[in-house]
Amino acid sequence: MTVTSPLRILIGKVGLDGHDRGVKLIARALRDAGMEVIYTGLHQTPEQVVSTAIQEDVDAIGLSVLSGAHMTLFRRVLELLKEQGADDIVVFGGGIVPNEDVLALKEAGVKALFGPGTPLEDIVRFVKELPRSR
Amino acid sequence: MNERKSRFSSLSGIEIHRLYGPDDLKNWSPDRDLGRPGEFPYTRGIYPTMYRGRLWTMRQFAGFGTAEDTNRRFRYLLEHGQTGLSVAFDMPALMGLDADDPLARGEVGRCGVSISSLADMERLFDGIPLDQVTTSMTINGPAPVLFAMYLAVAEKQGIPFEKLGGTLQNDILKEYIAQKEWLFPPAPSLRLVTDVVAYCADRVPKWHPISISGYHIREAGSTAVQELAFTLYDGLTYVEAAVKAGLPVDRFAPRLSFFFNVHNDFFEEIAKFRAARRLWAREMERRYQPRDPRSLQLRCHAQTAGCSLTAQQPMNNVVRTTIQALAAVLGGTQSLHTNSMDETLALPTEEAVRLALRTQQIIAEESEVTNTVDPLGGSYYVETLTNQLEEEAQEYFRRLDAMGGMVAAIEQGFPQREILEASQRYQREIERRERVIVGVNGYVEQEERPIPILKIDPEVERLQVTRLAELRKARDPFKMAGAVASLQEAVAGGENIMPPLIEAVKAQATLGEICAALKEVLGTYREPVVL
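Protein sequence lines, in the order shown, are assigned to chains A and B.
The first sequence lines up with residues 138 to 271 when you count with the numbering used here.
The second sequence lines up with residues 702 to 1232 when you count with the numbering used here.
Next up, chain A with everything else stripped away, as it sits in the complex:
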């Protein structure tokens, strides 16, 4: 009998802004849905996030950015994952991201971006259906 271990998700707050209301609600919702959630805390650099993600052997990284620095920070995380051969880890995120930036980031490899007002259950469902990297 095979026992599937729960999905491991890193929830990260990259950049300098301290808006952690949304990210904490999402971390709680994923945890309540039975996933293993690692929350990084505030003010993380892309380097710190990627190194934690690899160390913790996660299936996906969810990033929250509300400072407007999303283009720089998401791209940097994708770039670092690729450099370290860990680009099987799915990257998704949320925050204040204008539509055209959403399109550009999806093209760059971000799997999904959730804007303000997204129901938590949509995010939980999205994460549950993710492929496992392990």
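Bear in mind the hints are in silico, worked out from the structure with no lab data behind them.
It is possible that part of the hints are untrue.
What the hints assert, rightly or not - Derived coverage of chain A by chain B (criterion: at least 3 residues anywhere in the stretch with Cβ under 8 Å from a Cβ of chain B; other residues may be distant):
1) 141 to 154
2) 158 to 167
3) 178 to 189
4) 207 to 219
5) 230 to 242
6) 253 to 263
Cβ atoms here follow ideal geometry from the backbone N, Cα and C, with glycine treated the same way.
Using the hints, position chain B against chain A.
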């Protein structure tokens, strides 16, 4: 008769009855609990004539890109009838970092103006005589440094400090509670706040040295009761720190000001402002017995709730903001910022900001609500809510006292946890459609029409980085290093930070260099993660 719901409750969860009447106010005394406007306990307002005497200050928070970009926005707002300036700094500045710091990548000028040096501050206020405007600066961790830069600009414009009016947010406690932008641990931070209070009492008497802020606490997901309780308790903590440092209460308490959020629950919000004034007056009287009545008066700024706005059908945000602004006015605020409809998408466009300002002007000039003071005073409902908010806030005061004060409570994660629980409750109510948010979980439109949004030129970062490199090359390195060393020595020796700080900014030390030097003396902080 059937009602639409089994239980009606305020946005903060207070149960609301079908009708309020004399029975609800049995223990309420108009003489003791209401008083006259301009008189203790100030429930009806801090001035006898309120808006019949003078309208509130319309103060739109603005800042983006370079100092020149924001300077242009300031001049635009002044030309359109705004009466005070309010500076939004970018994330690197809020965190005490220079624009060329590796941690600032992608953040420069994005959600506020990029200021790294005295030269940037000079460009920000170019052509704006600082004795003709009042300026509010939303800055906390590095507040003393930005304030020193502002004072240095005034000095250069030849304006004596006594003539400067404005507000420094400088409220570090709510950073640990809600906004999460700090540089040093709570205790030394509290000491820097006290230094600024003492310096202003002495040298910049028309300045408000702290704006004790509930805004961010509410935005982080708190209820109105929590916003009221934690904010006023923070205020009492600052008063206690200044009194302990040897300042007589009447030397500084008349210059303290507050900053509240105005959310969607119209009557609860009005009651919150009224309860805040009464509770502050009573607590200040009980704890410090000031002689100057102004030490008992809660002056405040208000901003409509950013977190209430929706990315869906953004035009609807104009309506939400109007209702909230009206509540702030009926609550008796001294100044007001109205959010723009596009702020869940980006920083506001000029067009959107103008509409937000016009919203205030329409309330002020056309609605006639300004004709009488505290028009809702004596309403069974509003007085009952005012009583309930005050009582529930006092209950939090007792719990915080028992924990050993706000710094201890923060270190235990208490206010953080209370807010997180409240935000989860609110979110659950929305997900279950117990609360309907138009355009989000009700009245949804499949096709969203996009609205124009403001774009920040990525050149801003490159320009700021170049300018900093040039500044570092052009300045006298020995003078700069000497000034920073004197600053460190003064701070380590317990002297007031402001005089050596002004010398350091005038010697062209940058914001990031100064904050790094201060961290060596005061230490850094990592929060207990509450999840």
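Here is what the structure says about each hint:
no., hint, result
1, 141 to 154, "holds (count 3)"
2, 158 to 167, "holds (count 5)"
3, 178 to 189, "holds (count 4)"
4, 207 to 219, "holds (count 5)"
5, 230 to 242, "holds (count 3)"
6, 253 to 263, "holds (count 5)"
In this structure, none of the earlier numbered hints is contradicted; all agree with it.
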